[in-house]
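Engineer: For reference, the chains in residue letters:
Number of protein chains: 2
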Amino acid sequence: MHIEVLAVGTELLLGQTINGNAAWLGARLSEEGHEVVAHHAVGDDQAMIVAALHLAMGRSDVVIVTGGLGPTADDLTREAIGAAVGVALDFDDETARLLAARWESRFGSEIPVSNFRQAEYPRGADLLQNPKGTAPGLWMETGRAVIVALPGVPREMEGLFDGEVVPRLRRKAGWVGRRVIRVIRTWGLPESTVGERLEDVFVVDGNPSMALLASEAEIKVRLVADADTDAEARALVEPVEAIVVERLGAAVFGYDEDTVERRIHRLLAERGWTVAVAESITAGLVSHRLTNPPGASDVVRGGMVVYATETKVDPLGVPAELIEREGVVSEPVAGAMASEVAARMGADVGLSITGVAGPGPAGGVDPGTVVIGVAGPDGTTMRTIRLPGDRERVRRYGATAALHELRRVLEQG
Amino acid sequence: MHIEVLAVGTELLLGQTINGNAAWLGARLSEEGHEVVAHHAVGDDQAMIVAALHLAMGRSDVVIVTGGLGPTADDLTREAIGAAVGVALDFDDETARLLAARWESRFGSEIPVSNFRQAEYPRGADLLQNPKGTAPGLWMETGRAVIVALPGVPREMEGLFDGEVVPRLRRKAGWVGRRVIRVIRTWGLPESTVGERLEDVFVVDGNPSMALLASEAEIKVRLVADADTDAEARALVEPVEAIVVERLGAAVFGYDEDTVERRIHRLLAERGWTVAVAESITAGLVSHRLTNPPGASDVVRGGMVVYATETKVDPLGVPAELIEREGVVSEPVAGAMASEVAARMGADVGLSITGVAGPGPAGGVDPGTVVIGVAGPDGTTMRTIRLPGDRERVRRYGATAALHELRRVLEQG
Chain G
0 MHIEVLAVGT ELLLGQTING NAAWLGARLS EEGHEVVAHH AVGDDQAMIV AALHLAMGRS
60 DVVIVTGGLG PTADDLTREA IGAAVGVALD FDDETARLLA ARWESRFGSE IPVSNFRQAE
120 YPRGADLLQN PKGTAPGLWM ETGRAVIVAL PGVPREMEGL FDGEVVPRLR RKAGWVGRRV
180 IRVIRTWGLP ESTVGERLED VFVVDGNPSM ALLASEAEIK VRLVADADTD AEARALVEPV
240 EAIVVERLGA AVFGYDEDTV ERRIHRLLAE RGWTVAVAES ITAGLVSHRL TNPPGASDVV
300 RGGMVVYATE TKVDPLGVPA ELIEREGVVS EPVAGAMASE VAARMGADVG LSITGVAGPG
360 PAGGVDPGTV VIGVAGPDGT TMRTIRLPGD RERVRRYGAT AALHELRRVL EQG
Chain L
0 MHIEVLAVGT ELLLGQTING NAAWLGARLS EEGHEVVAHH AVGDDQAMIV AALHLAMGRS
60 DVVIVTGGLG PTADDLTREA IGAAVGVALD FDDETARLLA ARWESRFGSE IPVSNFRQAE
120 YPRGADLLQN PKGTAPGLWM ETGRAVIVAL PGVPREMEGL FDGEVVPRLR RKAGWVGRRV
180 IRVIRTWGLP ESTVGERLED VFVVDGNPSM ALLASEAEIK VRLVADADTD AEARALVEPV
240 EAIVVERLGA AVFGYDEDTV ERRIHRLLAE RGWTVAVAES ITAGLVSHRL TNPPGASDVV
300 RGGMVVYATE TKVDPLGVPA ELIEREGVVS EPVAGAMASE VAARMGADVG LSITGVAGPG
360 PAGGVDPGTV VIGVAGPDGT TMRTIRLPGD RERVRRYGAT AALHELRRVL EQG
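Here the protein sequences come in this chain order: G and L. Here numbering that gives the first Met the number 0 is used: the first residue of the first sequence is 0, the next is one more, and so on. Here numbering that gives the first Met the number 0 is used: the first residue of the second sequence is 0, the next is one more, and so on.
I should point out that these hints are in silico values taken from the structure, not numbers from a laboratory. Careful: at least some of the hints might be erroneous.
What the hints assert, rightly or not - A few chain L residues facing chain G, derived, Cβ under 8 angstroms:
1. V35
2. M47
3. V49
4. L88
5. L197
6. D347
Said to hold, decoys possible - Here are the simulated DSSO-like pairs of lysine-lysine, each with C-alpha atoms no more than 30 angstroms apart in a straight line:
7. G:K131 x L:K171
8. L:K171 x L:K131
9. G:K219 x L:K131
10. G:K219 x G:K171
We put the CB at the ideal spot given by N, CA and C, even for glycine.
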């Protein structure tokens, strides 16, 4: 089914709240095989809510509204749905009883009368009781689209969606098909090069459809196929996936949720190895990212943040004369940092990163210069790269580059 | 002016990317005194982009489009604007030259021909050159609204918006007054408590207007005043600011861009002190955040990421019997970590954090338990806190709590 998501709340327009509900619903609805055709956000303004409902009802099968179901005067979703569909609001005695009982058990006092607004609903709507909050959700079949209203609090919205809305959507769609989503992760090629290599197989609206997603210099290729069964959907994806993988070659490093951090964990675990990190320019970001996945303690020993030059000598152990001779941002120093941190931390592999984040140059080295070292049982490798952008970007992309350099060395080893 | 924001990208509808651009633009446009009336997001689908443009152009003064300006076949914003306005696409030779030069300096090879799509623009649009990326933005006056197109990459979008779009919007609005924005930063009070203490002075639509912004357990109070001169606008803000500061007391730690990291830098610099960090649970995030502001090397020596328990003993130097007796997540161990890291790194002050991020408990300690230590010339303090949420949130909020604990100790010393 074609579905649109409408978020209600002035705080969204003012940027005080990021609309994470829309992303969450988008992901869940896609998994359920629906096509989300638009997200909207409007303020606590009845005319704007009604206008958005009319637009969405005119072209989609389902409109899911989040927010505006609370007890205060600026919660207008119930009234707006009534106005958009052309029905009056009714009052549900059972909901009112539940609201009063919940208030009393929670606050030990009588419920303020204004809260009973939450027992109102557009005539003809089903109430979806909300175990995690007070405002019930709504499911309303209209002459055109189905309108679903859910609370704006993410925890409540998610609970009601999974518990009450998903089963109703499945019955409504009568759809028994399956959707397969495959994400192919690449590193090291610019987006436009990926696009060119795939140009003749790139079909935005095909089955599978193809899209490129860029984040922090990683380019992902996403394939989405719909079919009656998982096996048929997979059979649609596989030949296209094979072409993508062949065309992008060594740039492909993972699939689906397989981030570079998880890939490194697996490569280390396969060998029974551990890693330690010595960081100057990124000052802890590489270690932090390496420990993001649960279970990190099996493969990550720890690291040293050697921000001041003297700390690279003591406690890390890089010879002072090496730094003096080669400069602190140099391949010999990066190599020594990698092997010394492995020794200090009792790890099998050492990863190091040093460089100049900027804003200005340092020690005669231009900002954006980054040197990465990897020292392991099979030897030490170093690599110098140049990164564009400001201080923050150089540090962030430098950390990503260091992780990929470690992955690359582990894959070759 | 009434403004709508339209984000283009199928990844938004699928929930693979959260639309942070809309929130960022909403906040900035509000600061500039504009009224954001709706956010929209549609996929890489020309008909849907055109429909959204028509809707917004029919009722608002400006439509800001983000995304869809890249070089690949699914980047359709240029074509959609042309179709919505009814003009052909022209080709800008100067942009093409810039694209080619930037590509060559970065990759050392000739630019793929497909990239020249980024030099196309709807006839009549001004090109906004993008110093941080390749795709230029667009500013297009139509018979109805102004259409602005910006890249979807946040860093590029933000730079172009502040550098090129804001001055044009000001000229367009003909606004010659001055706006003063004052942000009062607090830590340690729940949002609802801040709201209650300010209830009688809280005026959303006043001059100054007041808003509460919550991020990572810091609550900011934002005051915005408009007047003919800076002095008049400041005179509107100051009495309200004084009330806010008095009501929130010791929770106030900074103003405007004065983050906790910058505040720590200044407190250390005033004393001529340096800091080093020992991290277990956050594994580098505290060090990384402390080095975010430029000039960090004046006050940050470095740190140790002691993720595996043995690394807390060697190389950090916490006595093994202390860990054995007290447990790795304990105040005595946090205190020893802080003083040992200061000694190892030659710093005046040591900051430490240890804890259990989860998902499960570890060593009999519940996830969310975090212990922070600060060791300095005036002694050592320890604090145990409990943080709600998942692994990632515990780590993020734990790092923020550690920074505030260091700030608190430095302020008292």
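Engineer: Each hint should be assessed against the structure and marked as holding or not.
Structural biologist: Going through the hints against the structure:
1. V35: OK, holds: V35 (chain L) within 8 angstroms of chain G, min 4 angstroms.
2. M47: 6 angstroms, holds
3. V49: 13 angstroms, violated
4. L88: With Cβ-Cβ at 18 angstroms, over 8 angstroms, it is violated.
5. L197: 15 angstroms, violated
6. D347: 13 angstroms, violated
7. G:K131 x L:K171: 47 angstroms, violated
8. L:K171 x L:K131: 25 angstroms, holds
9. G:K219 x L:K131: Satisfied, since the Cα-Cα distance of roughly 21 angstroms is no more than 30 angstroms.
10. G:K219 x G:K171: 33 angstroms, violated
Going down the numbered hints, you'll see the structure goes against 3, 4, 5, 6, 7 and 10, while the others check out.
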